[in-house]
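Trainee: Sequence:
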Amino acid sequence: MNGKFCVGILGATGVVGQRFIQLLEDHPQFEVTALAASDRSQGKTYAEACAWRLPGEMPGRLRKVVVQSPAPPLDCDFVFSSLPGDVAGEAEESFARAGYPVISNSSSHRMDADVPLLIPEVNAEHLSLIDSQRTARGYDRGYIVTNPNCSTIVIAMALAPLHREFGVASCVATTMQAISGAGYPGVASLDITDNVLPFIGGEEEKIESETVKILGRVSDGKIVDAGTLVSAQCNRVNVIDGHMASMRVKLSQTASLDQVRAALGSFTSLPQELKLHSAPANPIIVRDEADRPQPRLDRDAGNGMSVTVGRIAPDNVLDYRLVALGHNTIRGAAGAAILNAELLIAMGKLR
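Quick note on this note's numbering: the sequence shown kicks off at 1 and runs consecutively.
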């Protein structure tokens, strides 16, 4: 494989699985060698099993690959998982126990105390949990690392530089989330056309719990959650891709508007220092226009891996308000997991 890591994709026929395949097609470090999905897809070629929903053609090299069961063994060095939450927990544990590193986009293990909930720019030090996870669970070379919920990533990325510089005491976030976040076929057209759905099951709880874990610190082999209070309300809107969050933030220290803007606009971290393949040069892009960010104009910033922040202003109730936007199936899902894998290689934890 020309020195590349052999990769298996669990949940390969879904929207996020397809995004994995698209993003990995010409990746310099990874080569997809195994595809796995649900019972109805197993035994079929990928072309037969998968209704391709992304722009462009299905990668030709994978069209004849036979889809297998999402259970070990698979012909690969590690797996990316985009399995549904109701099956991901057991399947991912079985792979980790069989010696496969699992880099997961699924929700099942995100809040496990010994599982890193990773955004490489924000909490790379959480990877130290891998050693204690292996010891506690009896894994050999296997482990589980997850990326956050797609809307949590946007919110946590926007909060991270503010928390680093000034501390974030509390945040109130209202999301406007794209329909692709519901998968395919997703939300019925008669429900979302000419409408906004003010409820996404489990989403608010994920944002509120995941954000404080991500912003927390490691102490004695455990994550101590950040003391930040987070309140979220989530809405589904008639946009194909791009999750937006209107946020109000109370800081722990006094900061001027210029300082807040500078902290966001100058933010870089370990992935940029290491020049990881999928890391955007600017993980946060600050826009000064009165009407930005917008999903159609800004979701693909940084090849879909940057979070765009605008409307930064003082707030009459808390300290500051802002609007953050990210591509939910790239930075919020498949791209996030791929960047996690690149960081694991750079840190010597994926061989």
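Just so you know, the hints here were simulated from the structure itself, not pulled from any lab data. A couple of the hints might just be wrong.
Dumping the calculated SDA-like pairs for lysine to any residue here, alpha-carbon to alpha-carbon at most 20 Å [what the hints assert, rightly or not]:
1) K44 <-> V15
2) K4 <-> S38
3) K206 <-> L229
4) K349 <-> Q272
5) K250 <-> R261
6) K64 <-> G85
7) K349 <-> K64
8) K349 <-> R53
9) K44 <-> K64
10) K250 <-> I240
11) K44 <-> V65
12) K222 <-> D131
13) K275 <-> K206
14) K349 <-> L229
15) K222 <-> R351
16) K250 <-> I345
17) K349 <-> A262
18) K275 <-> V212
19) K4 <-> V15
20) K349 <-> R134
21) K349 <-> V65
22) K349 <-> A136
23) K275 <-> K222
24) K349 <-> R261
25) K222 <-> Q233
26) K250 <-> G221
27) K250 <-> K349
28) K275 <-> D220
29) K222 <-> P73
30) K206 <-> S107
31) K64 <-> A113
Here are the in silico distance ranges between beta carbons for each label pair [to be verified]:
32) R134 <-> K64: 32 to 38 Å
33) L318 <-> D288: 44 to 50 Å
34) G85 <-> L229: 45 to 51 Å
35) K64 <-> P28: 31 to 37 Å
36) T135 <-> D39: 33 to 39 Å
37) R141 <-> V317: 46 to 52 Å
38) A281 <-> D26: 15 to 21 Å
39) T268 <-> R141: 30 to 36 Å
40) G85 <-> D26: 37 to 43 Å
The C-beta atom is built at its ideal place from N, Cα and C for all residues, glycine as well.
Trainee: Now, for every hint given, state plainly whether the structure supports it.
Mentor: Hint check results:
A distance of roughly 18 Å separates the Cα atoms of K44 and V15; the hinted pair therefore holds under the 20 Å criterion. Taking the CA atoms of K4 and S38, the gap is about 27 Å. The hint is violated against a cut of 20 Å. The hinted pair formed by K206 and L229 meets the criterion: a straight-line CA distance of about 13 Å does not exceed 20 Å. For the proposed pair K349 and Q272, the alpha carbon gap of about 19 Å is at most 20 Å, so the pair holds.
A threshold of 20 Å between alpha carbons decides the hint, and for K250 with R261 the separation of about 15 Å falls inside it, so the pair holds. Between the alpha carbons of K64 and G85 the distance comes to roughly 27 Å, so the proposed pair goes past 20 Å and is violated. Our distance criterion of 20 Å between C-alpha atoms is broken by K349 and K64, whose separation comes to about 32 Å. Simply put, K349 and R53 have alpha-carbon atoms about 33 Å apart, too far for the 20 Å limit, and the pair is violated.
Distance check on the hinted pair: K44 and K64 sit about 9 Å apart at the alpha-carbon level, within 20 Å; holds. Distance hint between K250 and I240 is unfulfilled; the C-alpha atoms sit about 31 Å from each other, more than 20 Å. The suggested pairing of K44 with V65 holds, with an alpha-carbon distance near 8 Å, which does not exceed 20 Å. Restraint check: the Cα-Cα separation between K222 and D131 comes to about 11 Å, which is no more than 20 Å; the hinted pair holds.
With a CA separation close to 30 Å, the supplied pair K275 and K206 exceeds the 20 Å bound. Restraint check for K349 and L229: not satisfied, since their Cα atoms lie roughly 32 Å apart, outside the 20 Å limit. The suggested pairing of K222 with R351 is violated, with an alpha-carbon distance near 25 Å, which exceeds 20 Å. About 36 Å separates the Cα atoms of K250 and I345, which puts this hinted pair outside 20 Å; it is violated.
Restraint check: the Cα-Cα separation between K349 and A262 comes to about 33 Å, which exceeds 20 Å; the hinted pair is violated. Our distance criterion of 20 Å between C-alpha atoms is broken by K275 and V212, whose separation comes to about 27 Å. For a cut-off of 20 Å, the pair hint linking K4 to V15 is broken: about 25 Å separates their Cα positions. The straight-line distance between the Cα atoms of K349 and R134 is roughly 12 Å, inside the 20 Å bound, and the hint therefore holds.
For the proposed pair K349 and V65, the alpha carbon gap of about 28 Å is over 20 Å, so the pair is violated. Taking the CA atoms of K349 and A136, the gap is about 17 Å. The hint holds against a cut of 20 Å. Restraint check for K275 and K222: not satisfied, since their Cα atoms lie roughly 28 Å apart, outside the 20 Å limit. For the given pair, K349 sits about 35 Å from R261 by alpha-carbon distance, which is inconsistent with the 20 Å threshold.
With a CA separation close to 29 Å, the supplied pair K222 and Q233 exceeds the 20 Å bound. Between the alpha carbons of K250 and G221 the distance comes to roughly 29 Å, so the proposed pair goes past 20 Å and is violated. With a C-alpha separation of about 37 Å, the suggested pairing of K250 with K349 is violated against the 20 Å cut-off. Distance hint between K275 and D220 is unfulfilled; the C-alpha atoms sit about 30 Å from each other, more than 20 Å.
For the suggested pair K222 and P73, the alpha carbons sit about 31 Å apart, so the restraint of at most 20 Å is broken. Distance restraint check for K206 and S107: the Cα-Cα separation of roughly 9 Å lies within the 20 Å cut-off, and the hinted pair is therefore satisfied. A C-alpha spacing of about 40 Å is found between K64 and A113, which places the hinted pair above 20 Å, so the restraint is violated. Between R134 and K64 the beta carbon distance is about 36 Å. The supplied range of 32 to 38 Å therefore holds.
Between L318 and D288 the Cβ separation comes to about 21 Å, which falls outside the hinted range of 44 to 50 Å. Take G85 and L229: their Cβ atoms lie about 26 Å apart, and the range 45 to 51 Å is violated. Distance hint for K64 and P28: a CB-CB separation of about 24 Å, inconsistent with the stated range 31 to 37 Å. One distance hint, 33 to 39 Å for the beta-carbon pair T135 and D39, holds here, with the actual separation near 35 Å.
Between R141 and V317 the beta carbons are some 50 Å apart, a value that agrees with the proposed interval 46 to 52 Å. Taking the beta carbon of each, A281 and D26 are about 19 Å apart, inside 15 to 21 Å as hinted. Between T268 and R141, the C-beta spacing of about 32 Å keeps the proposed range 30 to 36 Å intact. Separated by about 30 Å at the C-beta atoms, G85 and D26 break the suggested range of 37 to 43 Å.
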